[in-house]
Amino acid sequence: MSSYNGRLIRLNLNTGKSRVEEIPRQWMKDYLGGRGIGVKYLYEELKPGVEPLSPENKVILMMGPLGATTAMSVSRMALVTKSPLTGAVAKSVMGGSFGAFLKFAGFDGIIVEGESKKPVYLHIDKDGIHLLDAAELWGLDTRQTHQKLRDKHGKSTQVACIGPAGEKLVRYAVLISDLRVGGRTGVGTVLGAKKIKAFAVNSSGPLSLYDPDGFKKLAKEIIEGLKTSPGRMKMSDFGTSYLTLSLEKDGIFPVKNFQEGHLEGIEKIGDEALASIKTKNDGCYGCMTKCGQVREIKGGTYDGAVSEGPDYETIWSLGGNLANTDIGALIAADSLCDRLGIDTVSAGNSIGFAYELYQRGIITKKDTDGLELKWGDPAPMMTLLEKIGNRQGFGKLLGEGTKRAAEQIGKGAQDYAMQVKGLELPAYEPRAVKGYGLILATSNIGASHMYGRARDELAGKKDKLTEVDKGQDAASAEILQATQDTVIQCSFSPVTGFNAQQRSELLVAATGFEEFADPAYLDKVGERILCLERCFNVREGFNRKDDTLPKRMRTEPLANAGPATGQVFKNLDGLLDEYYDVLGYTRQGIPSEAKLKELGLESVVADIKKYSK
Amino acid sequence: MPPILQEFSGGVETLEASGRTVGECLEELEEQFPGIKEVLLDRQGKLLRAFGIYLNNDGLHPVELDTPVRDGDEIVILNFLMGG
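Residue numbers (the working numbering), protein chains in the order written: chain R, 134 to 746; chain Z, 137 to 220.
To be clear, the hints were calculated from the coordinates, so they are not data collected in a lab. Every residue gets a Cβ at the ideal spot worked out from N, C-alpha and C, and that includes glycine. Where hints are given, some of them may not hold.
[Stated by the list, open to error] Computed list of lysine-lysine pairs in BS3-like fashion (alpha-carbon distance at most 25 angstroms, straight line): (1) Z:K182 with R:K544; (2) R:K728 with R:K180; (3) R:K411 with Z:K182; (4) R:K684 with R:K728; (5) R:K281 with Z:K182; (6) R:K281 with R:K349; (7) Z:K173 with R:K594; (8) R:K259 with R:K150; (9) R:K703 with Z:K182; (10) R:K401 with Z:K173.
[What the hints assert, rightly or not] Cβ-Cβ distance ranges computed for the label pairs, FRET-style: (11) Z:G146 with R:D706: 49 to 57 angstroms; (12) Z:K173 with R:D436: 38 to 46 angstroms; (13) Z:G208 with R:N632: 45 to 53 angstroms; (14) R:P157 with Z:K173: 55 to 63 angstroms; (15) Z:D194 with R:A633: 23 to 31 angstroms; (16) R:G239 with Z:E174: 40 to 48 angstroms; (17) Z:E152 with R:S745: 53 to 61 angstroms; (18) Z:P198 with R:K180: 52 to 60 angstroms; (19) R:N632 with Z:E174: 31 to 39 angstroms; (20) R:K360 with Z:G208: 26 to 34 angstroms; (21) Z:P139 with R:N632: 14 to 22 angstroms; (22) Z:P198 with R:Q159: 47 to 55 angstroms; (23) R:D260 with Z:P139: 50 to 58 angstroms.
When you get a sec, could you build the whole thing from the sequences and use the hints?
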């Protein structure tokens, strides 16, 4: 008995047929689950050069071995594909409950391939796996889609769906399950191209465990220890909004498309202000922290707006990045993004890019459908979000992401596109926290805050502004994130979940795989995943030239940013050398043959050899 | 003292301070090690939510700085800045 179901659903949308297949047992040991097994499938099954929005691309939804158990913060689901924004490997990890119930239904994952001729959705229940017509769902927003599916299949139906943005191929569309979102990098876009609107599951378990009594005892001990954990309670009370004021004081919170680091009036969208409009908590399956903050606006222009969030990232992207301190607009914009099914980070960043182009006269009202884009004015943002989500007018261009939009606009617009590998930067100013900047530069999915966190810098254990001795920390952070995304445990689990030793004990009790007892074995799994993702990208033509930061970070002194004022990212090359050396990559950023063999990736050596010059 | 404040105390983790309240103890520390308040407080002088202050293991939110202290009490400052 094991917490692995050991099987997944392979859905071929070309034929409309699905089949159940076994997951290779060795892959469970080598890649564990979630992101790891997802990336392994992607690497094995996708030929280099596949167009991300073509039927040849695949989307892999994959749970981890602890998913749906009674342990804390472990029922998240990994989404893996080739990104339509970056052309690189894409991963996102979604919270909520859908994944847990997929496991209760007897499956660890779903591989979606091909392309349907008409809109469809997948329904899984005790009677089997059904591919159903989605004509009635196509065009509905994500909340309406959830409601419609629950009206049809019952209130307890767990749903994950795309919104209109995914249908219309906005390049940063997401997958949404209730109030939780997955899909930085455009996973929802790929699903939209395949014309699959939603996944719905009705199931009730139970899930098997290798050592049920031992697992129950361990999980209970961990939960008891966490009940009074200050960090966990902080997350429960505020979510990640509590970071905003501190990071802004340190110049880390970017303002006006990374032009500066200070936002006048930030308190209006700070933790206390957001807590004052909180109505309840929301969270993932089996998590007592429930860090999601449901907030509601009463009165004013945005009366009645409700959203789960915004989290720190969205407080920035739809708030500070646009110098917007209108809390009503912030909640309404967050809600609108969720209903349309677009990534708040890429959307807010793309709009900030447009605001700056307007400020500099590179675009005018003629380009913006008559909108005056003025910092601090949220009204154009609301209009642009609608236009992006529905791919209308100027919004169609912004929905391509900043890299493509800048290429189309020309006139030097590229200098104001705050992206890496085509993925928009998140809410961390690289010039103010250099180790984080290195992670954003080297991330195989582009500039994501979810590819590793510079925790020692943020906690003050390491100097934020020096540009030496950061390669080891960045590599370790990325390996840790890969391991977490594979278990799958919440990224906040250092304070809301369990430590590495407890993780190992839980995994052994759940699966019976003794290898997992050694935390170092799991670190190696994380490193293997990171390396395989890099190999995927190398096959696509990525190398050192793509591990970079926007020109602004490397040439312009950061303005008005407290202790980081005047900072420039001067030694990215030196830090890249450090990072590559630590991970056993060549100075071109390509895994060496020796490293591939050390990680058990012998089968990849031949693929990569021709790029290792 | 969390690592971010030990920068001001020369790496010392545990210090003694006196005062009638937590806030007064912090004021004394600030005199000894200027810069601590700048890290802990927002522009309005309120404790930033990225930090938590605990008195003999009890969380003090939301009245951290006004909480009275007695001889021998232990004040612990925690830093929750870990990325969002």
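Status of each hint after checking the structure:
| no. | hint | result |
| --- | --- | --- |
| 1 | Z:K182 with R:K544 | violated, 46 angstroms |
| 2 | R:K728 with R:K180 | holds, 23 angstroms |
| 3 | R:K411 with Z:K182 | holds, 20 angstroms |
| 4 | R:K684 with R:K728 | violated, 32 angstroms |
| 5 | R:K281 with Z:K182 | violated, 46 angstroms |
| 6 | R:K281 with R:K349 | violated, 37 angstroms |
| 7 | Z:K173 with R:K594 | holds, 18 angstroms |
| 8 | R:K259 with R:K150 | holds, 18 angstroms |
| 9 | R:K703 with Z:K182 | violated, 35 angstroms |
| 10 | R:K401 with Z:K173 | holds, 22 angstroms |
| 11 | Z:G146 with R:D706: 49 to 57 angstroms | violated, 34 angstroms |
| 12 | Z:K173 with R:D436: 38 to 46 angstroms | holds, 39 angstroms |
| 13 | Z:G208 with R:N632: 45 to 53 angstroms | violated, 31 angstroms |
| 14 | R:P157 with Z:K173: 55 to 63 angstroms | holds, 57 angstroms |
| 15 | Z:D194 with R:A633: 23 to 31 angstroms | holds, 29 angstroms |
| 16 | R:G239 with Z:E174: 40 to 48 angstroms | violated, 56 angstroms |
| 17 | Z:E152 with R:S745: 53 to 61 angstroms | holds, 59 angstroms |
| 18 | Z:P198 with R:K180: 52 to 60 angstroms | holds, 57 angstroms |
| 19 | R:N632 with Z:E174: 31 to 39 angstroms | holds, 32 angstroms |
| 20 | R:K360 with Z:G208: 26 to 34 angstroms | holds, 27 angstroms |
| 21 | Z:P139 with R:N632: 14 to 22 angstroms | holds, 18 angstroms |
| 22 | Z:P198 with R:Q159: 47 to 55 angstroms | holds, 53 angstroms |
| 23 | R:D260 with Z:P139: 50 to 58 angstroms | holds, 56 angstroms |
In summary, the numbered hints that this structure violates are 1, 4, 5, 6, 9, 11, 13 and 16.
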